[in-house]
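Q: Chains as they are written, first to last, in numbering that gives the first Met the number 0: chain A, 0 to 360; chain B, 0 to 360.
No lab work stands behind these hints: they were computed from the structure. It is possible that some hints are incorrect.
Listed next, the in silico SDA-like pairs over lysine to any residue satisfying Cα-Cα at most 20 Å (straight line) [as the list claims (entries may be wrong)]:
| no. | chain 1 | residue 1 | chain 2 | residue 2 |
| --- | --- | --- | --- | --- |
| 1 | A | K232 | B | A201 |
| 2 | B | K232 | A | E8 |
| 3 | A | K232 | B | G7 |
| 4 | B | K232 | B | L6 |
| 5 | A | K53 | A | T42 |
| 6 | B | K232 | A | K53 |
| 7 | A | K232 | B | D120 |
| 8 | A | K232 | B | S10 |
| 9 | A | K168 | A | V210 |
| 10 | A | K53 | A | G16 |
| 11 | B | K53 | B | N21 |
| 12 | A | K232 | B | V210 |
| 13 | B | K236 | A | V341 |
| 14 | B | K232 | A | E231 |
| 15 | A | K236 | B | R92 |
| 16 | B | K232 | A | D120 |
| 17 | B | K232 | A | R9 |
| 18 | B | K232 | A | V210 |
| 19 | B | K236 | B | N222 |
| 20 | A | K232 | B | E24 |
| 21 | A | K232 | B | R158 |
| 22 | A | K232 | B | D311 |
| 23 | B | K203 | B | R289 |
2 protein chains.
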Amino acid sequence: MTLDVNLGERSYPIHIGTELLNNAELVESLVIDRQVLIITNDTIAPLYLRATEKLLSSAGTLSSLILPDGEAFKNLTTLNQVFDRLLTLGYSRNCILVALGGGVIGDMTGYAAASYQRGVDFIQIPTTLLAQVDSSVGGKTGVNHPLGKNMIGAFHQPRLVLADMNSLKTLPDREYAAGLAEVVKYGILGDSEFFSWLEVNAEKLLARDPVLLAQAVERCCQNKATIVAEDEKESGKRALLNLGHTFGHAIEAHMGYGRWLHGEAVSAGMVMAVDLAQRLGWLTEQDVSRVRQLLLVMQLPVEGPAEMAVDDYLPRMAVDKKNLDGRLRLILPRSIGCCEMVSTVDHQLLCETLRSCSATR
Amino acid sequence: MTLDVNLGERSYPIHIGTELLNNAELVESLVIDRQVLIITNDTIAPLYLRATEKLLSSAGTLSSLILPDGEAFKNLTTLNQVFDRLLTLGYSRNCILVALGGGVIGDMTGYAAASYQRGVDFIQIPTTLLAQVDSSVGGKTGVNHPLGKNMIGAFHQPRLVLADMNSLKTLPDREYAAGLAEVVKYGILGDSEFFSWLEVNAEKLLARDPVLLAQAVERCCQNKATIVAEDEKESGKRALLNLGHTFGHAIEAHMGYGRWLHGEAVSAGMVMAVDLAQRLGWLTEQDVSRVRQLLLVMQLPVEGPAEMAVDDYLPRMAVDKKNLDGRLRLILPRSIGCCEMVSTVDHQLLCETLRSCSATR
Chain A
0 MTLDVNLGER SYPIHIGTEL LNNAELVESL VIDRQVLIIT NDTIAPLYLR ATEKLLSSAG
60 TLSSLILPDG EAFKNLTTLN QVFDRLLTLG YSRNCILVAL GGGVIGDMTG YAAASYQRGV
120 DFIQIPTTLL AQVDSSVGGK TGVNHPLGKN MIGAFHQPRL VLADMNSLKT LPDREYAAGL
180 AEVVKYGILG DSEFFSWLEV NAEKLLARDP VLLAQAVERC CQNKATIVAE DEKESGKRAL
240 LNLGHTFGHA IEAHMGYGRW LHGEAVSAGM VMAVDLAQRL GWLTEQDVSR VRQLLLVMQL
300 PVEGPAEMAV DDYLPRMAVD KKNLDGRLRL ILPRSIGCCE MVSTVDHQLL CETLRSCSAT
360 R
Chain B
0 MTLDVNLGER SYPIHIGTEL LNNAELVESL VIDRQVLIIT NDTIAPLYLR ATEKLLSSAG
60 TLSSLILPDG EAFKNLTTLN QVFDRLLTLG YSRNCILVAL GGGVIGDMTG YAAASYQRGV
120 DFIQIPTTLL AQVDSSVGGK TGVNHPLGKN MIGAFHQPRL VLADMNSLKT LPDREYAAGL
180 AEVVKYGILG DSEFFSWLEV NAEKLLARDP VLLAQAVERC CQNKATIVAE DEKESGKRAL
240 LNLGHTFGHA IEAHMGYGRW LHGEAVSAGM VMAVDLAQRL GWLTEQDVSR VRQLLLVMQL
300 PVEGPAEMAV DDYLPRMAVD KKNLDGRLRL ILPRSIGCCE MVSTVDHQLL CETLRSCSAT
360 R
């Protein structure tokens with residue numbers, strides 16, 4: 000199946016299915032006779048690089064760059080390796096980059112594409128569930144800074160996204176589960192029907208049933224594409240996609256990028272968001288319990304790390320870039336399936352949430 | 000006087016005049032109550048930082064970052080210092096950066112603004128002639144890479160440009176002359192009437208007559224604004240602004256950034272362009288001599304460095320980013336005041352030009 004992200008002249012298709020890596024027709028018109036660089040990592044390269052090279056064989060020049068795997072390498076230093084390679088190869092402004100991997104590869108490749116010669120094309124081939132339902136859609140690109148996640152980046156839309164369910168088969172359990180956290184997010188965020196569907200199908204999804212999986216990925220991409228089309232540069236509605244992320248970013252940053260997976264941090268962060276919403280009287284105890292239960296079935300964390308105290312969260316949350324002028328803004332659910340941005344958060348309730356949602360030391 | 004650059008929702012005004020740094024009203028609505036960071040260098044700071052701080056005194060938070068002066072520092076390492084400072088200050092996505100300096104400061108500040116939190120606002124206060132007539136207008140931002148100039152960057156428009164003629168008084172002669180090279184470029188490029196005006200007024204301009212200077216800056220900005228409005232992302236007409244630049248970039252890169260000033264390299268590059276155009280039968284000997292004469296009066300180089308042989312130019316020119324797919328494309332004049340892009344350049348004529356326009360060893 001194919002979804003379209005409608006962004007005027009920056010519109011692009013998302014292909015979702017199986018055996019897509021074997022379907023060279025999908026990409027041929029984009030890569031034919033052009034200089035193409037595949038950017039991937041040392042985990043993904045042994046699994047899918049050869050197939051991807053075959054997929055892109057109509058390219059004029061085809062090279063690949065294999066980076067070290069992990070969020071710890073999502074920084075300006077690694078980014079510069081991409082520029083070094085592109086310039087050593089003599090690639091022009093008409094070249095096209097291909098991100099083959101998870102969110103880290105997608106974000107870095109996208110930012111390299113946004114910046115190389117002030118902007119070249121790129122294709123996303125997300126190989127993780129997280130990347131397929133979230134980071135490969137919507138054009139947010141960037142790298143981390145020691146003082147904050149994704150602090151350096153650009154809005155740069157891909158020309159095409161190719162989400163092949165086959166590539167999820169090789170995903171480690173922990174990473175797969177982390178991807179499910181973002182899937183659940185779309186349910187809480189704005190799609191209560193999908194949330195209920197997830198409750199029914201949680202175990203089959205955890206078992207990677209390919210048919211259900213493709214349906215879930217499509218539903219998430221559809222939700223995200225609608226939001227992005229309304230608000231490409233995150234001046235309004237798009238901020239809702241950060242449900243659980245302000246808490247989650249604090250966890251990732253404090254623990255050191257990579258120790259908690261992004262999806263794991265978001266999972267704990269969503270529990271914090273619903274907990275706080277309950278304290279505000281917006282959600283019932285049952286709502287909170289549904290969210291926790293679904294995440295637990297999906298083998299995701301429902302509390303923050305034992306190492307973190309309240310005071311470890313607050314400064315990290317204040318620097319989160321969604322917070323204009325240092326004021327803390329959070330995405331909180333009014334009900335499951337309906338969230339809003341809250342810009343005056345009761346400090347005491349927030350502290351209670353942080354305390355009650357942390358693992359006991 | 001005020002010019003408007005028409006780019007839809009990215010439109011912005013260019014104020015040109017004297018005593019503008021003392022006119023806080025021009026910027027007040029943009030900076031009031033916001034987090035503001037002035038980025039400047041150690042040459043400009045002692046001259047204009049205090050006045051600029053006063054200009055921006057309505058800011059909510061006002062800080063400044065003083066970088067080392069020079070093209071040699073226009074790189075990712077220096078850029079990262081800007082991010083460090085912004086994050087240490089806890090500046091949000093709603094902050095605004097102010098570039099106080101020449102082209103290097105403007106390009107780096109603009110790229111930092113394009114990248115910080117995926118894009119924040121910035122103001123250009125160009126203090127060199129080069130920056131006033133060229134780099135501060137049009138939204139091209141970026142940094143250099145050891146393998147090529149401006150290879151990493153973004154298109155990011157400022158919210159306002161403030162070109163104060165007073166700041167040109169302190170400019171060293173060599174830098175001032177380098178700025179005049181870009182002024183002459185607009186004449187050759189698409190404004191023969193302006194070229195004739197420059198021939199008449201060359202000596203007064205060299206003496207920095209403020210009235211004539213403001214007229215020249217306005218005319219250049221007008222020319223550039225018209226071209227940029229037609230072709231913001233350089234897919235067509237905007238490439239004409241690179242007259243002399245492909246040659247010039249080769250000189251700068253070969254000699255090591257900073258040894259030849261950008262404008263000096265462009266001056267020699269323009270002579271090469273008109274020389275090649277004459278070899279193609281497009282220009283008369285008299286045309287070539289008018290260009291050389293005007294540049295000589297302005298105390299600019301009319302030949303490449305003695306250190307460079309033909310073979311030093313060619314590989315550098317091929318990597319120039321204006322050259323799609325490694326094919327050399329050059330901007331060449333059909334007549335003074337009318338240029339076009341040429342994508343099949345006779346190799347032998349090009350070599351003859353490079354040989355004949357180089358200083359004798």
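Q: State for each hint whether it applies.
A: Against the structure, the hints come out as follows:
1. A:K232 x B:A201: violated (47 Å)
2. B:K232 x A:E8: holds (13 Å)
3. A:K232 x B:G7: holds (16 Å)
4. B:K232 x B:L6: Satisfied, since the Cα-Cα distance of roughly 11 Å is no more than 20 Å.
5. A:K53 x A:T42: Holds, because 19 Å separates the two Cα atoms, which is no more than 20 Å.
6. B:K232 x A:K53: Violated - the C-alpha atoms of K53 of chain A and K232 of chain B are around 33 Å apart, more than 20 Å.
7. A:K232 x B:D120: Holds, because 13 Å separates the two Cα atoms, which is no more than 20 Å.
8. A:K232 x B:S10: holds (17 Å)
9. A:K168 x A:V210: OK: K168 of chain A and V210 of chain A at ~13 Å, within 20 Å.
10. A:K53 x A:G16: Roughly 18 Å between the alpha carbons, so the hint for K53 of chain A and G16 of chain A holds.
11. B:K53 x B:N21: Measuring from Cα to Cα gives roughly 8 Å; hence the hint holds.
12. A:K232 x B:V210: violated (42 Å)
13. B:K236 x A:V341: The hint is violated at about 46 Å.
14. B:K232 x A:E231: holds (19 Å)
15. A:K236 x B:R92: Between K236 of chain A and R92 of chain B the Cα gap is close to 16 Å, so the pair holds against 20 Å.
16. B:K232 x A:D120: holds (13 Å)
17. B:K232 x A:R9: holds (14 Å)
18. B:K232 x A:V210: The given pair, whose Cα atoms are some 43 Å apart, is violated under the 20 Å limit.
19. B:K236 x B:N222: holds (12 Å)
20. A:K232 x B:E24: violated (29 Å)
21. A:K232 x B:R158: OK: K232 of chain A and R158 of chain B at ~17 Å, within 20 Å.
22. A:K232 x B:D311: violated (44 Å)
23. B:K203 x B:R289: holds (18 Å)
Of the numbered hints given earlier, the model fails hints 1, 6, 12, 13, 18, 20, 22; all others are met.
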